[in-house]
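Chains as they are written, first to last, in the working numbering: chain A, 350 to 588; chain B, 3 to 399.
Read the hints as simulated data drawn from the structure, not as lab findings. All C-beta atoms, glycine included, are put in the ideal place defined by N, C-alpha and C. A portion of the hints provided could be inaccurate.
Restraint ranges, calculated between C-beta atoms of paired labels, are given here [what the hints assert, rightly or not]:
(1) B:Arg389 / A:Asn489: 32 to 38 Å
(2) A:Arg364 / B:Glu399: 23 to 29 Å
(3) B:Glu399 / A:Val408: 21 to 27 Å
(4) A:Glu431 / B:Ile367: 49 to 55 Å
(5) A:Glu431 / B:Glu399: 27 to 33 Å
(6) B:Glu399 / A:Pro575: 34 to 40 Å
(7) A:Ala428 / B:Val281: 38 to 44 Å
(8) A:Asn358 / B:Val281: 55 to 61 Å
(9) B:Arg385 / A:Ser554: 32 to 38 Å
(10) B:Phe9 / A:Met350: 44 to 50 Å
(11) A:Glu431 / B:Arg385: 36 to 42 Å
(12) A:Asn368 / B:Glu399: 52 to 58 Å
(13) B:Val281 / A:Glu431: 38 to 44 Å
(14) B:Arg389 / A:Pro382: 31 to 37 Å
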Amino acid sequence: MTPLIEFRNLYKIYRMGDNIVRAVDGISLGIYPGEFVAIVGQSGSGKSTCMNIIGCLDVPTSGEYLLNGQNVGRMDDNALAEVRGRMIGFIFQQYNLLPKLNVQENVEVSMMYAGLPRKVRAERAREALARVGLADKLQNRPNQLSGGQQQRVSIARALVGRPSVILADEPTGALDSKTGREVLSLLQQLHREGNTIVLITHDPSIAAEAPRVIRLADGRVVSDGPAEESPTGSVKGGE
Amino acid sequence: MRLYQSFLLALKNILTSKVRAMLTMLGIIIGVSGVMVIIGMGNGMENYMKSSFKSLGTDLLNVTIIGTGTSKNVGVDDMYQLVYDNPAYLKDITPSVMVPGSVKIGSASLDSTSVSGVSETYAAMKKYGLAGGRFLRYADVESRSSVCVVGSYITKMWFNGDAVGKTIRLNGTAFTIVGALEEQSESEEGGSDDAVYIPYSTAARMTSTGTITSYSFQIVSEDDVAQSKKIVGDALYKVYGTKDAYSIISMSEMLSMMTTMLNVLVTVLAAIAAISLVVGGIGIMNIMLVSVSERTREIGIRKALGAKQRHIMQQFVIEAATLSALGGLVGIGFGYLLSALATVILKQVLDPNLAVVPSLPSILIAFGISAAIGILFGYLPARKAARLNPIDALRYE
């Protein structure tokens, strides 16, 4: 089986003033369809840069990133936008819902850019919102919802385009532990239904929810394996 | 993403900040309504001029003989002969003699009343109708009778509406009023209704020189003004040998000259008003740039969700165009209001026949320009938005 996400000796190097920052310093890895992977690391470990590259928001300085066999690193702005719309479902820490649109319209945005007809969009949006338990909030504005509800809207938005990868960036970061737990169990449920999920977090206990945990430090992979080994060790490593 | 979706989104965004949108549109509103009112005024003026020239007769050639100081001269018969010889161009003629002097009714003096000596066909040429009695006749001209026809001002003000059969004294001579004309304009003192018409032969005797020096030709078709003018000019040139001895003025030529001048004036004024459109466009660009920075995060989210550069571009250009087109619409409404107001004021202050008439083409052009300005000045901010880096845009607070 070929990996859905494949990094081949990937580098991302910035220049910040006089300093050269090696945000991703030679990473090779593969994530297969149906996997639930957590990428964990302290701030500055390169996990955000990895997420940006996986999400096609950024391109590597060198090395190759293959998404479903396609070399994304060579694509221009518009082609990247197309890939994002078609293959990636984003879940952000700050939800990133559009405040002027209601819940249903928010979920429809990516389908609008994909050019789906109005009827199909509405139908799929309602379906996705029902799945996250918000069937009765279609017409509400984001600011009328609680944080947990808003995050569930953004999960519905990520799901609705039937993406190859759901990319969750600190999805529980802005939530209290109870609602955070609900969001995580929702992600696990999505995983059981066959979705590929990549979870980015700084918190090892949250990373432990994923069957496979990739730990990063200084732009390199320090460990990659089943979650059971990580929690205690990574707390220490994070100090 | 289709255009109408962008349009709905733009309306939504504009409606969420109404005050700002209104202030932004102000320049466009002023520009559009300004251009509209100025062109409307021009139209009104042109209509006014056309109708007043029409009452003077755009189918008339007015000929004034200055002479050369020698015995060479043209008489009334020569002029009449010209009309008989050129039936394809000239339809009729009347000599017209201005009579200086006093007009008296009883012991009262009428200072502003004009007295003209004309032929029996004058009323028909000028399309004057009769309110009572008859117009001058050929026999009156032949016998140099002391009869006259009076305008409606005199009938109304001096004879209580019944002037026929009464007497009026011109330079001391008593004239019997044989007819009263219908009202031409407003029966005002000194206007075209404050006039007395006597036979030209009688009038010629009352002037110092005793000769007739001006004529009005009626032409067959206004399209042949130039040719008709040439026929009369050639005949006069043959007699006098110099163009300085006479002048021929055609009302329709004068009208077209004045219309041209008016159009130049209106174009210049409209161009000045249009500067406001440019200023308004810059205002729109300014607010769109602000809007792009305010909505950086939104742009980032949209890009993360698959929006391409052209989607973002389209969204912002359409928002700018919608904003300025809305301004255009409000401007058109405002322009109509101003036109109506200006019409009321002009009628009160200047002349009841004046009006501000907004024309449909000028309105369409003003609206088109305002929408185009939105696209033009929305382009730069939209391009800025479209080129934002999604990572930076998502991180923007």
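Contradicted hints - numbers only: 4, 9, 11, 12
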